[in-house]
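Trainee: In case you want the letters, here they are:
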Amino acid sequence: MTVGLVLVSHSAQVAESVARMATGLSGGGTEVPVAAAGGAPDGGLGTDAGKITAAAHSVDRGDGVAVLADLGSAVLTVKALIAEGDELPPGTRLVDAPFVEGAVAAVVTASTGADLDAVAAAAQDAYTYRKT
Amino acid sequence: MSEASSTGAGQVIDTAFLRRWFIAAASVIEREADRLTELDSPIGDADHGANMRRGFIAARTAVEKEPPDTPGGVLVLVGRQLISTVGGASGPLYGTLLRKAGKALGDARQVAPEQLAQALREGVDGVAQLGGAAQGDKTMLDALAPAVEALTFALDKGAGLAEALSAAAIAADEGALATVPMQARKGRASYLGERSIGHQDPGAASSALLVGALAGAAREGTV
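Line order of the protein sequences matches chains A and B.
In terms of the UniProt record's numbering, the first sequence is residues 1 to 132.
In terms of the UniProt record's numbering, the second sequence is residues 1 to 223.
In case anyone wonders, no lab produced these hints; they're calculated from the structure.
Owing to the predicted nature of the structure, the values given are computational and were not obtained by experimental measurement.
Even glycine gets a Cβ: it sits at the ideal position worked out from N, Cα and C.
There could be a bad hint or two in this list.
[Said to hold, decoys possible] Sample of chain B residues with no beta-carbon within 10 Å of chain A, all distances over it, derived:
hint, residue
1, Asp-14
2, Ala-16
3, Arg-19
4, Arg-31
5, Ile-57
6, Glu-66
7, Pro-68
8, Glu-122
9, Ile-170
10, Glu-174
11, Gln-183
12, Gly-193
[As the list claims (entries may be wrong)] Lysine to aspartate or glutamate pairs mimicking DMTMM-like chemistry, simulated, CA-CA at most 20 Å apart:
hint, chain 1, residue 1, chain 2, residue 2
13, A, Lys-131, A, Glu-101
14, B, Lys-103, A, Glu-84
15, B, Lys-103, A, Asp-86
16, B, Lys-186, A, Asp-96
17, A, Lys-79, B, Asp-125
[Unchecked claim] Label-pair restraints from in silico Cβ distances:
hint, chain 1, residue 1, chain 2, residue 2, range
18, A, Ile-82, B, Asp-107, 22 to 30 Å
19, B, Gly-132, A, Ala-118, 21 to 29 Å
20, A, Lys-131, B, Arg-219, 53 to 61 Å
21, B, Asp-69, A, Met-21, 45 to 53 Å
22, B, Arg-109, A, Gly-43, 34 to 42 Å
23, A, Leu-25, B, Arg-35, 45 to 53 Å
24, B, Arg-109, A, Gly-62, 35 to 43 Å
25, A, Ala-54, B, Glu-64, 25 to 33 Å
Please model the complete structure; the sequences and the hints are all you need to start from.
Mentor: As structure tokens, this is what we get:
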């Protein structure tokens, strides 16, 4: 079981950095396919549906893809693409999770061979981690 | 096209009509892009004009290059282009509006004004659902919802298509202006709290332009 992860941010740097960080913290389990989809079509801040679609297909191993998005157009574009039905691989799910903490939780969980439900639950559960 | 664009009872809306809409929409968005970006500067991230210009130029190119042969097909194509190319929240929102409306029209080659009104209503409902917004939140819905209401009301009263769409355009303009005193409850502007008051919502402003372009397409067809 290999669940893929896509990170959608308004910033290409944020998406790529969080992808590297989550992968770096994932430990020694199964290698998890993680792809960043950051920035607008013109390279500035924003969202690029084409990048999201390409990223989702690149990490799809047939066991589902978890998508984490930061805010605004990133979230809405993922939702619109999922509503399309045929743009993203079957079993692609937008996960309601904090972007950085959720990405780490998702990669660590996916590296244990967990299924999409478990990966999504772990990412969402990152909301409950209080810092004070 | 001439019989499809005639006035009076039995009016039909065809592919050419919707192509006219989006060609006019691209022109008005190009013309007004700077104003949209200006509106987006105090309460947004100052990219609405550029985003909309990029999206609608791509949509116009797609419609001109490979024109679909049904009105619903045109709406779906433009919606898909906007989701792909706008780069801001207005992309998935307008894209969802048009794709939902297009799917509601199905494969019919011509549709009646009432069908277009109903399809647009479903599209606007889709926008509300996707954005989790309601009227009064200072969003594009504050222009779109009154426009659909005015369109439906005018058609119910027996108005012709051009007249009913003019009423919709006026309602959209008024709705956009009515966002000025509102406090934003959705999107980036909502972080500004009370400081969002006193500015027109850029999404409502662009919605009014699009409804205006639709009314223009109907007037053009009656000449």
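Trainee: Does each hint hold? Answer for all of them.
Mentor: Each hint tested on the structure:
no., hint, result
1, Asp-14, "holds (25 Å)"
2, Ala-16, "holds (26 Å)"
3, Arg-19, "holds (23 Å)"
4, Arg-31, "holds (21 Å)"
5, Ile-57, "holds (12 Å)"
6, Glu-66, "holds (18 Å)"
7, Pro-68, "holds (16 Å)"
8, Glu-122, "holds (13 Å)"
9, Ile-170, "holds (29 Å)"
10, Glu-174, "holds (26 Å)"
11, Gln-183, "holds (18 Å)"
12, Gly-193, "holds (17 Å)"
13, A:Lys-131 / A:Glu-101, "holds (12 Å)"
14, B:Lys-103 / A:Glu-84, "holds (11 Å)"
15, B:Lys-103 / A:Asp-86, "holds (14 Å)"
16, B:Lys-186 / A:Asp-96, "holds (18 Å)"
17, A:Lys-79 / B:Asp-125, "holds (15 Å)"
18, A:Ile-82 / B:Asp-107: 22 to 30 Å, "holds (24 Å)"
19, B:Gly-132 / A:Ala-118: 21 to 29 Å, "holds (27 Å)"
20, A:Lys-131 / B:Arg-219: 53 to 61 Å, "holds (59 Å)"
21, B:Asp-69 / A:Met-21: 45 to 53 Å, "holds (49 Å)"
22, B:Arg-109 / A:Gly-43: 34 to 42 Å, "holds (41 Å)"
23, A:Leu-25 / B:Arg-35: 45 to 53 Å, "holds (46 Å)"
24, B:Arg-109 / A:Gly-62: 35 to 43 Å, "holds (40 Å)"
25, A:Ala-54 / B:Glu-64: 25 to 33 Å, "holds (26 Å)"
The structure agrees with every numbered hint stated previously.
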